[in-house]
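The primary structure of each chain is shown beneath.
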Amino acid sequence: MLKYILKRLLLVFVVVLGVTVVTFSAMHLAPGDPAEMIAVARYGEDLTQEEIEWVRATEGLDAPVYIQYLGWLEHVLRLDLGKSLITYEDVLGEILTRIPATLVLAISSLILSLLIALPAGIISAIRKNTIVDNACMTGALLGVSMPNFWLGLLLIWLFALSLGLLPSFGYGSIKHLILPTITLGPSMSAITTRPTRSSMLDVLNQDYIVTAKAKGLDERTILLKHALKNAMLPVITFVGLQLGFLLGGAVIVETIFAWPGIGRLLVDSIYARDFALIQGCVLFIAVIFALANLAVDVLYAYLDPRIRYEKK
Amino acid sequence: MTLLRIEDLRVYFNARGRIVKANDGVDLEIEETEILGLIGETGCGKSILGRAIMGLLSENVEIGGRIIYKGENLLELCEARMRQIRGKEIGMMLQNPSTSLNPVLTVGEQIAEVYRYHEGVGKEEAKKKAADMLKLVGMDPKRMDEYPHQFSGGMKQRVMIAIGLALNPRILIADEPTTGLDSSMKKQILDLMSGLIKSRDVSMLLITHDLEVAKGVCNRIAVMYAGELLEIAPAEKLLSEPKHPYTQDLLDSLPRMGLNPIPGESPSLSSPPAGCRFHPRCRCRSDKCSEKHPDMIGIEAETYVRCFLYKNDKSKG
Numbered sequence: 014m015l016k017y018i019l020k021r022l023l024l025v026f027v028v029v030l031g032v033t034v035v036t037f038s039a040m041h042l043a044p045g046d047p048a049e050m051i052a053v054a055r056y057g058e059d060l061t062q063e064e065i066e067w068v069r070a071t072e073g074l075d076a077p078v079y080i081q082y083l084g085w086l087e088h089v090l091r092l093d094l095g096k097s098l099i100t101y102e103d104v105l106g107e108i109l110t111r112i113p114a115t116l117v118l119a120i121s122s123l124i125l126s127l128l129i130a131l132p133a134g135i136i137s138a139i140r141k142n143t144i145v146d147n148a149c150m151t152g153a154l155l156g157v158s159m160p161n162f163w164l165g166l167l168l169i170w171l172f173a174l175s176l177g178l179l180p181s182f183g184y185g186s187i188k189h190l191i192l193p194t195i196t197l198g199p200s201m202s203a204i205t206t207r208p209t210r211s212s213m214l215d216v217l218n219q220d221y222i223v224t225a226k227a228k229g230l231d232e233r234t235i236l237l238k239h240a241l242k243n244a245m246l247p248v249i250t251f252v253g254l255q256l257g258f259l260l261g262g263a264v265i266v267e268t269i270f271a272w273p274g275i276g277r278l279l280v281d282s283i284y285a286r287d288f289a290l291i292q293g294c295v296l297f298i299a300v301i302f303a304l305a306n307l308a309v310d311v312l313y314a315y316l317d318p319r320i321r322y323e324k325k
Numbered sequence: 327m328t329l330l331r332i333e334d335l336r337v338y339f340n341a342r343g344r345i346v347k348a349n350d351g352v353d354l355e356i357e358e359t360e361i362l363g364l365i366g367e368t369g370c371g372k373s374i375l376g377r378a379i380m381g382l383l384s385e386n387v388e389i390g391g392r393i394i395y396k397g398e399n400l401l402e403l404c405e406a407r408m409r410q411i412r413g414k415e416i417g418m419m420l421q422n423p424s425t426s427l428n429p430v431l432t433v434g435e436q437i438a439e440v441y442r443y444h445e446g447v448g449k450e451e452a453k454k455k456a457a458d459m460l461k462l463v464g465m466d467p468k469r470m471d472e473y474p475h476q477f478s479g480g481m482k483q484r485v486m487i488a489i490g491l492a493l494n495p496r497i498l499i500a501d502e503p504t505t506g507l508d509s510s511m512k513k514q515i516l517d518l519m520s521g522l523i524k525s526r527d528v529s530m531l532l533i534t535h536d537l538e539v540a541k542g543v544c545n546r547i548a549v550m551y552a553g554e555l556l557e558i559a560p561a562e563k564l565l566s567e568p569k570h571p572y573t574q575d576l577l578d579s580l581p582r583m584g585l586n587p588i589p590g591e592s593p594s595l596s597s598p599p600a601g602c603r604f605h606p607r608c609r610c611r612s613d614k615c616s617e618k619h620p621d622m623i624g625i626e627a628e629t630y631v632r633c634f635l636y637k638n639d640k641s642k643g
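Going down the list, the sequences are from chains H and S. Under the numbering used here, the first sequence is numbered contiguously, ending at residue 325. Under the numbering used here, the second sequence is numbered contiguously, ending at residue 643.
Hints listed in this document are in silico derivations from the structure and should not be mistaken for laboratory results. Glycine included, each C-beta is placed from N, C-alpha and C at the ideal position. Check each hint, because a few of them may be wrong.
[As the list claims (entries may be wrong)] Okay, derived cross-link-like pairs now, DSBU-like style, lysine-lysine, Cα gap no bigger than 30 angstroms in a straight line:
1. LYS414(S) - LYS238(H)
2. LYS461(S) - LYS513(S)
3. LYS449(S) - LYS238(H)
[As the list claims (entries may be wrong)] Listing some non-contacts, in silico: residues in chain H with all C-beta distances to chain S over 12 angstroms:
4. THR36
5. ARG55
6. THR61
The task is simple: from the sequences and hints, build the whole structure.
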């Protein structure tokens, strides 16, 4: 098992290395001169060519691209993501202060989404083609089709403006957490309900379920012990992707509710054209995604002994 | 003594408007401590019969007739009572051991849970009993914490036998227990099964398409074709003097007998031929065969056949 995790970890490292290449080249592939962009961000539009050249020299932008990359990579490996071009704040420090907010929202909405999706998917599978099934599937379709920004605004209008029950934006208390969670959780559950249902249906048709029935076990044992663990395997992939997405900051929802998380930071840095901060955020989100995938792989191996003992 | 009696069993599936008559008027008895072979081509409804006894058919099915076990009609029992019978009174082994064991549970657990559930024994006790069961089927109990994919096909089938016999049921339904095994392994598994069954006074319904499999172990054999039984006879008699033309052809098609295939294909169960269901493929057919449906008649002691070639022997039937 340990060997398996180490192997996956090595793979994560390779992926992250690839991501650094992409992130770094993005700055150079973007239209416009990076030196000019930095200069504009710092000193405003009114610039002479000399000033731009001065920025180019001090930022090391006149060296060949691969030298620049290696220099940047060296810093990144030492966990130095540079300083914000605008505020001169440490980029990594800036990101770290945003993590708690993102983490809280991610965990609460993931839990809410699973609390809805798993029971709904399982019940739909057991009561296939009944009213319950149709209701769950219609709900899932609605949830998938409803855009987050629209649902978020509706909720603000209803609970904050009309009823005045909950704050419409901000961070700091449970009350602040409710609306963003209700915006994210159910819509994500809509995505997971469908694969849960189809995976459960598939598993319930397997021979080993008939064996379990032939043993005289009751429906509860068959479902929870014999079917669920098998049915969860494909679902975990979806949940892992969602977790990665959430931990990287739910950009739209964080923006609507002025939630001080990673997603909000990314959007703000894009508005401010703060390239160092954008680069840091993108890199951070990519690493989180890779780690979420690693978590999925490990969970897979935990649930499925066939993977655990591969090439033992 | 008759242990289980099937009377006029009819299992009809509704498949997109067409009625598939998987079992159409089956009468069969399983005697105490006998091994009864149920022989037929793929798709003749023999596995359905096994599942009907266990009450494990899907819900879009219409079942008629009666299945009497210890004075109760299994078809009328509630699900809770049926659960007490499954595993404990009537055990079942499915066709393919590779897909019939749960891939994410250890083999030990798959046996042990039966004891915990039916006998209410503790974890340790159940584990000990599962280990004994593994020993009984010739496996190393040390391997009980391993998962199904770590075992060979023959080993997995041994585990299936252990599960099927765990609670010492009165009847074991074995559906194609030798599928996917090579011939030396087939023999081993069959010997193991028949040995265990005899030593524990269990009756077995051995469902198979393979006459060679039935030959060595069965006391009686029933031949099924297109959802109904065509012949029932003691095994030796059926193999040495088969009565029904279909049984005769089936024996002729064995590799040992020259591998002569029966011409034509098994009929569809949704629109079986009128008259005798086998008549389009029969060597001995007469006009009567396509018009009238023959009844099952007793022609000698313990020998029944559904064919116009034979006359009812009132004294024996």
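Verification of the supplied hints:
Note on LYS414(S) and LYS238(H): the hinted pairing holds, with a Cα-Cα distance of about 20 angstroms set against a maximum of 30 angstroms. Taken as a hint, the LYS461(S) and LYS513(S) pair is honoured in the structure, with Cα atoms around 19 angstroms apart against an allowance of 30 angstroms. With a CA separation close to 16 angstroms, the supplied pair LYS449(S) and LYS238(H) stays within the 30 angstroms bound. Consistency note on THR36(H): stated as away from chain S, and its beta-carbon is indeed over 12 angstroms from all of that chain's, at 39 angstroms minimum.
Non-interface status of ARG55(H) relative to chain S is upheld: no Cβ of that chain comes within 12 angstroms, the nearest being about 58 angstroms off. Even its closest Cβ contact with chain S, about 69 angstroms, leaves THR61(H) beyond 12 angstroms, as expected for a residue assigned away from the interface.
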